[in-house]
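Engineer: Sequence:
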Amino acid sequence: MLKTFYRWCRQKLGYEIPRKLRVFCQFLPWSPVLVFVDFFTSVTNFPIRTLRAASRLMATRQHQYRNELDLHDSHAIRWALQYSKERSGVFTTVSSVPDFISSHNDDFPSWCKAHAILSNPRSGIVEDILRIFQSCVSRFGEMKGQRLGGACLETFLWLTRCSTLILDSEELEDDSTTELEAHLTSRVCHILELILNRADDDTKKLCSHAIANMVLRCAYKLELCSRACTMTEYFMSQVHTRQMLLLEISRGYRSDHVEWQYLFDGGLLDYRSVHHFTTARLLGRDISGSLFGYEPRAPGILCIFRSEFAARIFHSCDPISQITSVNSLRSLCDIATHFQEFPQSSREIQVYIFKLVDAILRHATPNPQRPAANHSSSNQMEYHLTCKKYAKVVFGNSTSFLDSLTARPENLYTHFFQSVRVYGIGNDFTLSDTEIGIRFDLYSEVMKDVFTRLQSSEALEDEWQRQKPQSLIIQRFLEGRVRDVGDLLGVSFVIDAEHLVAMRALRASSSEMRGLIGITAHKLGYSYQLWEGYNIEMHAELQFYDPDILKPT
Numbered sequence: 001m002l003k004t005f006y007r008w009c010r011q012k013l014g015y016e017i018p019r020k021l022r023v024f025c026q027f028l029p030w031s032p033v034l035v036f037v038d039f040f041t042s043v044t045n046f047p048i049r050t051l052r053a054a055s056r057l058m059a060t061r062q063h064q065y066r067n068e069l070d071l072h073d074s075h076a077i078r079w080a081l082q083y084s085k086e087r088s089g090v091f092t093t094v095s096s097v098p099d100f101i102s103s104h105n106d107d108f109p110s111w112c113k114a115h116a117i118l119s120n121p122r123s124g125i126v127e128d129i130l131r132i133f134q135s136c137v138s139r140f141g142e143m144k145g146q147r148l149g150g151a152c153l154e155t156f157l158w159l160t161r162c163s164t165l166i167l168d169s170e171e172l173e174d175d176s177t178t179e180l181e182a183h184l185t186s187r188v189c190h191i192l193e194l195i196l197n198r199a200d201d202d203t204k205k206l207c208s209h210a211i212a213n214m215v216l217r218c219a220y221k222l223e224l225c226s227r228a229c230t231m232t233e234y235f236m237s238q239v240h241t242r243q244m245l246l247l248e249i250s251r252g253y254r255s256d257h258v259e260w261q262y263l264f265d266g267g268l269l270d271y272r273s274v275h276h277f278t279t280a281r282l283l284g285r286d287i288s289g290s291l292f293g294y295e296p297r298a299p300g301i302l303c304i305f306r307s308e309f310a311a312r313i314f315h316s317c318d319p320i321s322q323i324t325s326v327n328s329l330r331s332l333c334d335i336a337t338h339f340q341e342f343p344q345s346s347r348e349i350q351v352y353i354f355k356l357v358d359a360i361l362r363h364a365t366p367n368p369q370r371p372a373a374n375h376s377s378s379n380q381m382e383y384h385l386t387c388k389k390y391a392k393v394v395f396g397n398s399t400s401f402l403d404s405l406t407a408r409p410e411n412l413y414t415h416f417f418q419s420v421r422v423y424g425i426g427n428d429f430t431l432s433d434t435e436i437g438i439r440f441d442l443y444s445e446v447m448k449d450v451f452t453r454l455q456s457s458e459a460l461e462d463e464w465q466r467q468k469p470q471s472l473i474i475q476r477f478l479e480g481r482v483r484d485v486g487d488l489l490g491v492s493f494v495i496d497a498e499h500l501v502a503m504r505a506l507r508a509s510s511s512e513m514r515g516l517i518g519i520t521a522h523k524l525g526y527s528y529q530l531w532e533g534y535n536i537e538m539h540a541e542l543q544f545y546d547p548d549i550l551k552p553t
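Using the UniProt record's numbering, the first residue of the sequence shown is number 1, and each one after it goes up by one.
Wrong hints could be hidden among the right ones.
As the list claims (entries may be wrong) - Subject to a maximum C-alpha distance of 30 Å in a straight line, what follows is the list of computed DSBU-like cross-link-like pairs (lysine-lysine):
id, residue 1, residue 2
1, 388, 468
2, 392, 468
3, 144, 204
4, 468, 523
5, 392, 523
6, 523, 113
7, 523, 448
8, 113, 392
9, 468, 448
What the hints contain is simulated information worked out from the structure, not anything from laboratory work. On a predicted model such as this, the values are computed, not experimentally measured, just so you know.
Please build the complete structure, drawing on both the sequences and the hints.
Structural biologist: Structure (structure tokens):
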């Protein structure tokens, strides 16, 4: 017992009882001592337990208060929209909606919750902003109040966001809420279609993005309903409502700056062979029989539709490198979440999402010539989520290099070139989520083309002046990415003098491509020809007389 008491004093009190005092303790009456120790322990533990319980209670109360505060703020915004008499007050209130959502960027769940509260049809905010927006637009589609109408249009872009990450966090809606949302969405689309006929180019793009957001938002919610494990009457009613809405807003989608084609002879998979933005009229023919009958393949059709519809949106916005609007980049970030992931993603989709990530990383990089508003933490979070989607679309996984992308955009190029593998004659091909397979003839052609363009820098095209050469090389590689063994048939494998000159120059000037050039030359057996002592002029002369002698074996 005494040893236990000594140990307790040493551990709890930090006091070592002297040896002489221990001899004295042997003659003490231990019953009062034990009572004293019990009392002392309870006295010291009670405040600690009380403080811990109070801190847990405070954290719970703060969380509940935060949720109630969100609801009160939404009610205050609606009250201000309804009873503001001056136009300046209405403009301030409408402009505060995006700021309110952006203020919850401390973590992703609270940001999604703020968006869900304001975009919920039951909150009344969408209906009030729609009423104000209608007052700014004539029946012929002319904007009478450019400043207030532009604020309403920007707010609609926030309230109709189609990111799958946001929609996954929303709760299931009842039938009445679904019908109200369908009614408001139809009215908003009708007004935006009127504006498209008379608006300027910037307003047209914002309107097109807003309608595209609503199309993809409706398609994804319809897909979630159709994937329900039991198709009860509750889900059937919601599916029917969303079907009608999707077919209505997709058929009515128009834009003057976009070319349209109506395809009735092919299926949804033929979207990839179309070089213009394709209307969703095809959706009515393809899913009317399967989706209305609740067949199991309906969700798969919607997934393909969303991915290809999003690709057409990107096609209409290309070149993406010229986009400087924060609203447009944010909309494209949301639309990109609907792309299919590797290996289902097409080469075209992989090129588009790389262009987007390349653009937003350069846009988010601090630059003294840009205003500081473009680098808010809200935008940084959305850009980081888009980088994760890029990794899944191109590689099929989330890689570890994403954390350093916003700090150093060059890491995007470095990681890609580290993942490239060049295939020559007789190489065994295996589709992998860690490699980008490229034919040797494409590799050589792209490198020689880049070197030739950089040599004549005065005659560079606009696209080459806006973007880095590494970015354009990656786009060419993704366009010709090897997807199966059949893509390797007929590979041309000739090491000519132009190839060697280009490889030497690019290896010396580009740190991102230096490793790829060296590894490729070593694996394919011509690394010695890149040495400085190798005579390229003699190589060219031998190639002129006997081209076959210069093919590596």
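Engineer: Hint by hint, say whether it matches the structure.
Structural biologist: Each hint, compared with the structure:
Of the supplied pair hints, the one linking residue 388 and residue 468 holds, its CA atoms being roughly 22 Å apart against a limit of 30 Å. Simply put, residue 392 and residue 468 have alpha-carbon atoms about 24 Å apart, close enough for the 30 Å limit, and the pair holds. With a C-alpha separation of about 16 Å, the suggested pair residue 144 and residue 204 falls inside the 30 Å cut-off, and the hint holds. Distance hint between residue 468 and residue 523 is fulfilled; the C-alpha atoms sit about 27 Å from each other, no more than 30 Å.
Using a Cα cut-off of 30 Å, the hinted pair residue 392 and residue 523 holds, with the two alpha carbons roughly 28 Å apart. The hinted pair formed by residue 523 and residue 113 fails the criterion: a straight-line CA distance of about 52 Å is larger than 30 Å. The hinted pair formed by residue 523 and residue 448 meets the criterion: a straight-line CA distance of about 20 Å does not exceed 30 Å. The hinted pair formed by residue 113 and residue 392 meets the criterion: a straight-line CA distance of about 25 Å does not exceed 30 Å.
For a cut-off of 30 Å, the pair hint linking residue 468 to residue 448 stands: about 16 Å separates their Cα positions.
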